[in-house]
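Trainee: The chain contents come next:
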Amino acid sequence: GAVVSQHPSWVICKSGTSVKIECRSLDFQATTMFWYRQFPKQSLMLMATSNEGSKATYEQGVEKDKFLINHASLTLSTLTVTSAHPEDSSFYICSARGTAIFYSNQPQHFGDGTRLSIL
Amino acid sequence: GESVGLHLPTLSVQEGDNSIINCAYSNSASDYFIWYKQESGKGPQFIIDIRSNMDKRQGQRVTVLLNKTVKHLSLQIAATQPGDSAVYFCAENMRQGYSTLTFGKGTMLLVSP
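Protein sequence lines, in the order shown, are assigned to chains A and B. Residues 1 to 119 in our numbering are what the first sequence lists, from first letter to last. Residues 1001 to 1113 in our numbering are what the second sequence lists, from first letter to last.
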């Protein structure tokens, strides 16, 4: 149980295009979803926290107009990288936290990430 | 032995050895800690957690030790196997509630047969 799916797992696109990444909780409802970015050989850095039905809270230094987050339902959050450039190339990972009635021994359940390469 | 690379410290061990991975956390007010394993190209996988009112917690082949005095966390893996090769991260909860995690720098564990 508690599976989080990300799509796509890998995307390559040209500089200037926008890319949307989906994060779905498959077998549980998630009130909160988190988006992380990870550069090679580095740690996960929290970008933003999104609660279903409300605006995302961005970490300091993360441009909210650049990284658009939508959390329209209890099972889906999307991250759109707008006008992507090579420096946005990274591994983007989402995680989900279940609703209060969802029992889990883990505070967050992670997806398998999306590797974004901007040419 | 243990070496520090440009970004990621690496611990190399032989199969069957016990491994100890260390983590220094930053916030003395953190009250909850987790160890994650991350294989190449995948998301973090939960290994074991510990709350600040404990010093030690054991799981299957893994033990986490917490020293709040020096803000130090360690993960011990018994009888390390090649499948344990991965990057290991500690994470701490730095804010009220248990939902927001801050990840440490990570250690790469390489297990040779």
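No wet-lab data here; the hints were simulated from the structure. The reader is advised that the hints may include incorrect statements.
Claimed, not checked - In silico DSS-like pairs for lysine-lysine, Cα to Cα no more than 30 Å straight-line:
#1 K14(A) / K1071(B)
#2 K66(A) / K41(A)
#3 K41(A) / K1068(B)
#4 K1105(B) / K66(A)
#5 K20(A) / K1056(B)
#6 K64(A) / K41(A)
#7 K14(A) / K1068(B)
#8 K55(A) / K1071(B)
#9 K1071(B) / K64(A)
#10 K41(A) / K1056(B)
#11 K20(A) / K41(A)
#12 K1068(B) / K64(A)
#13 K20(A) / K1042(B)
#14 K1071(B) / K1042(B)
#15 K41(A) / K1071(B)
#16 K55(A) / K66(A)
#17 K1105(B) / K1071(B)
#18 K1037(B) / K1056(B)
#19 K1105(B) / K20(A)
#20 K66(A) / K1042(B)
#21 K1068(B) / K20(A)
#22 K55(A) / K1042(B)
To be verified - The following residues of chain B were derived to be distant from chain A, with all beta-carbon distances above 12 Å:
#23 I1034
#24 V1087
#25 T1100
#26 K1105
Everything numeric in this text was worked out from a predicted model, so none of it was measured. In this text, a Cβ means the ideal position worked out from N, Cα and C, and glycines have one as well.
Trainee: Tell me, in ascending order, the numbers of any earlier hints that this structure violates.
Mentor: Violated hints (numbers, rising): 1, 5, 7, 8, 9, 12, 21, 23, 24, 25, 26; every other hint is consistent with the structure.
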